[in-house]
Amino acid sequence: MIEVKHITKTYGKKQNTFIAINDVSFTIPNGKSVAILGKSGSGKSTLMHAMSGLDRPQQGQVVIDGRDILKLKSKDVDAFRAQKMSFIFQSFFVQANESCYDNVSLPLEIAKVPRSKRRQKVEAALSAVQLLDKKKSRARDLSGGQKQRLAIARAIVNEPDILFADEPTGNLDSTTGGVVEDFLFNYAKDRGATLIVVTHDEDLARKCDARINIKDGVIESTTGFAERPTKKKKVMG
Amino acid sequence: MKVADIIRRAGRSLRQAKTRTLLTSLAIGVGAFTITLSLAGGQGGRDYADAIVKSNTDVREVVVTKQTDETAVQEYDPDTAGLSLGAGTPGPAAASSGIEPITMTDIDQITEVEHVDSVTPNYSPQVNYITADGDNEFVVSSLSTFAPAVTLTYAAGGVDGELADDQIVLNEDYAEALGFASPEDAVDQTVTINATRQQTVFTGSPEAKDVDFTVVAVSSESGLAFRSQGSLLISTNAAKELYDYITEGTAAYNKFFIASVLVDDPENAGLVKTELENQGYSAQTAEDILGTINIFINVLLGILLGFGALAVLTSVFGIINTQYISVLERTQQIGLMKALGMSGGDVGKLFTFEAAWIGFLGGGIGAGLAVIAGTIANPYISDALGLGDIYLLIFEPLQVVGVVVILIIISILAGIFPALKASKLDPIEALRTE
Numbered sequence: 001m002i003e004v005k006h007i008t009k010t011y012g013k014k015q016n017t018f019i020a021i022n023d024v025s026f027t028i029p030n031g032k033s034v035a036i037l038g039k040s041g042s043g044k045s046t047l048m049h050a051m052s053g054l055d056r057p058q059q060g061q062v063v064i065d066g067r068d069i070l071k072l073k074s075k076d077v078d079a080f081r082a083q084k085m086s087f088i089f090q091s092f093f094v095q096a097n098e099s100c101y102d103n104v105s106l107p108l109e110i111a112k113v114p115r116s117k118r119r120q121k122v123e124a125a126l127s128a129v130q131l132l133d134k135k136k137s138r139a140r141d142l143s144g145g146q147k148q149r150l151a152i153a154r155a156i157v158n159e160p161d162i163l164f165a166d167e168p169t170g171n172l173d174s175t176t177g178g179v180v181e182d183f184l185f186n187y188a189k190d191r192g193a194t195l196i197v198v199t200h201d202e203d204l205a206r207k208c209d210a211r212i213n214i215k216d217g218v219i220e221s222t223t224g225f226a227e228r229p230t231k232k233k234k235v236m237g
Numbered sequence: 238m239k240v241a242d243i244i245r246r247a248g249r250s251l252r253q254a255k256t257r258t259l260l261t262s263l264a265i266g267v268g269a270f271t272i273t274l275s276l277a278g279g280q281g282g283r284d285y286a287d288a289i290v291k292s293n294t295d296v297r298e299v300v301v302t303k304q305t306d307e308t309a310v311q312e313y314d315p316d317t318a319g320l321s322l323g324a325g326t327p328g329p330a331a332a333s334s335g336i337e338p339i340t341m342t343d344i345d346q347i348t349e350v351e352h353v354d355s356v357t358p359n360y361s362p363q364v365n366y367i368t369a370d371g372d373n374e375f376v377v378s379s380l381s382t383f384a385p386a387v388t389l390t391y392a393a394g395g396v397d398g399e400l401a402d403d404q405i406v407l408n409e410d411y412a413e414a415l416g417f418a419s420p421e422d423a424v425d426q427t428v429t430i431n432a433t434r435q436q437t438v439f440t441g442s443p444e445a446k447d448v449d450f451t452v453v454a455v456s457s458e459s460g461l462a463f464r465s466q467g468s469l470l471i472s473t474n475a476a477k478e479l480y481d482y483i484t485e486g487t488a489a490y491n492k493f494f495i496a497s498v499l500v501d502d503p504e505n506a507g508l509v510k511t512e513l514e515n516q517g518y519s520a521q522t523a524e525d526i527l528g529t530i531n532i533f534i535n536v537l538l539g540i541l542l543g544f545g546a547l548a549v550l551t552s553v554f555g556i557i558n559t560q561y562i563s564v565l566e567r568t569q570q571i572g573l574m575k576a577l578g579m580s581g582g583d584v585g586k587l588f589t590f591e592a593a594w595i596g597f598l599g600g601g602i603g604a605g606l607a608v609i610a611g612t613i614a615n616p617y618i619s620d621a622l623g624l625g626d627i628y629l630l631i632f633e634p635l636q637v638v639g640v641v642v643i644l645i646i647i648s649i650l651a652g653i654f655p656a657l658k659a660s661k662l663d664p665i666e667a668l669r670t671e
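Those protein sequences? They're chains L and X, same order as listed. If you're matching positions, the first sequence starts at 1 in the working numbering and goes up one per residue. If you're matching positions, the second sequence starts at 238 in the working numbering and goes up one per residue.
For the record, the hints were derived by calculation from the structure and aren't laboratory data. In this text, a Cβ means the ideal position worked out from N, Cα and C, and glycines have one as well. Take every hint as true, because none was put in to throw you off.
In silico DSSO-like links for lysine-lysine, alpha-carbon gap of 30 Å or less: (1) 239/X / 117/L; (2) 13/L / 73/L; (3) 658/X / 75/L; (4) 239/X / 73/L; (5) 136/L / 255/X; (6) 71/L / 661/X; (7) 134/L / 239/X; (8) 112/L / 135/L; (9) 658/X / 14/L; (10) 239/X / 135/L; (11) 658/X / 71/L; (12) 112/L / 239/X; (13) 14/L / 661/X; (14) 13/L / 215/L; (15) 661/X / 5/L; (16) 13/L / 75/L; (17) 71/L / 239/X; (18) 658/X / 112/L; (19) 661/X / 73/L; (20) 239/X / 75/L; (21) 661/X / 239/X; (22) 75/L / 661/X; (23) 136/L / 239/X; (24) 112/L / 661/X; (25) 661/X / 13/L.
Which bits of chain X does chain L cover? Going by a derived footprint, with three or more residues having C-beta under 8 Å, they are: (26) 245-257; (27) 573-580.
If you want a taste of the chain L side facing chain X, the calculated C-beta under 8 Å gives, among others: (28) 49; (29) 54; (30) 75; (31) 78; (32) 81; (33) 82; (34) 87; (35) 89; (36) 95; (37) 97; (38) 98; (39) 107; (40) 110.
Turn these sequences into a full structure, and let the hints guide you.
Take a look at the structure:
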């Protein structure tokens, strides 16, 4: 369960202060797929960064499985991310010069998985996205859709409980985008993992169990949640 | 992330930028090459000097002279006035050179010094000529005493232990001049040395005598010899007999410029030297001679190492530059790794190991090439300098490894600044870079 409590993140100082997210709270139960929907600049990416401990908001708590990750030391947050979380980005961020195998192996190395156990996991992840035959190919030789599938393999190889996808289909045409979406949702369903999709794509958001509409740093509306999240304040200034 | 995985990833990153890695490494390689060759030259030089001193002097030997202050005005002494280097020309040469002769009293005094085994004055009789057939007579430039501790190389024959009193060692030049077809032919032949007794009062017909010697060995030229070569060697007793014959009755009789002291143990050579100096003598041990030569070698070595260090310093900036650019280029990769939970420290380590790899590669290439080039060049250098079978470049495996290790450490230090930049990179900022 991810509990976001009164998160506020501002950029800049004094007169130039920009409030990216303002007192946002919600709770995501385990195993749910949630879309954070908003236009660019709405604060949805900042929210994802805060939830994953990549960014540190000035106020609020992010409690995951009973632990406030914002109170952890940066080293512990890193370890937490390595064990529990994964990311998929709009521009893939696969390492073009490295083989598909080495790309997928990276999270396992970071999570200190012994070398002997890596091979089986990497191959399983590559099979799951139907890229096993490309194991030794360099990532730069893949097509856009294949690159994103590779990114998915990298994201699921360590079997994370929480999967963040930041505009996962933003750079893909609708057919390949659809394939990528299927892989994502299938993994989340099979593993019972929580999937958080940050997007401005209504169609993609519709496929999720729940959605949070965010605008100008505050939650505008939510759907699909059993209980309504706490009432939000109006944006200041 | 495990260190082994970081090292492998670092190696892979470098392989992906082969040209850049190689060029940066080569800069360090130049330094490694220079330093390795310098060290090998220094080592070879020291070994060479050591070998020279060892084969020309006895480590138990302390050479003693009696030296007065050269610049001081001295009183005229009729005893000294008649003595000059050698026994021939009388004159004030000795006095003006500041050398006082060693007398029998001195020798008795030196013998009393603790740890001294024996004292032998340096007899170098000025004989007239040497001949093999009685017709062709040759000037003897230097006749000295045979010392078993001095290593000689022989073209023919050999000496087992001490030389007998009627035996002589010729060098190749004399063997040839005396009419022997080959060094082998000279062995066991008889040669005659003629000496003239010096006169204190001119009587007209100086007394002279012939002494016969059997050739036991012919010494050949050695890259190590600098003292005994060009000499005819006879036993101490034979030299003393000739010397006494030539100088008896003159002022030079029983007065010597140099005496050689044999110490009971090489360890005590220094002690004896100090004691002798306290008593007003001037003493030199084998180590002193070696020390003087080594100073020159070390100065040369220092200059060469300086050039090597300069090359390394230049390459340090190369590494900083390369690694810094690499961090900028790979901002996105760093961001991704941090997002996946890699700690800043591990990211820093990744870049540190890359720098270490560069140092290892450059050091290995440079030192390796130096060893190969040195090994190939050694025979030519020895040939050009006339060192015979002695090599001037000696590669100590430990030194070569040491050079590579030190260069790796220097590379790591050079990589600290870029590594720090990488470790402090904000992942969100990094992932925003397209």
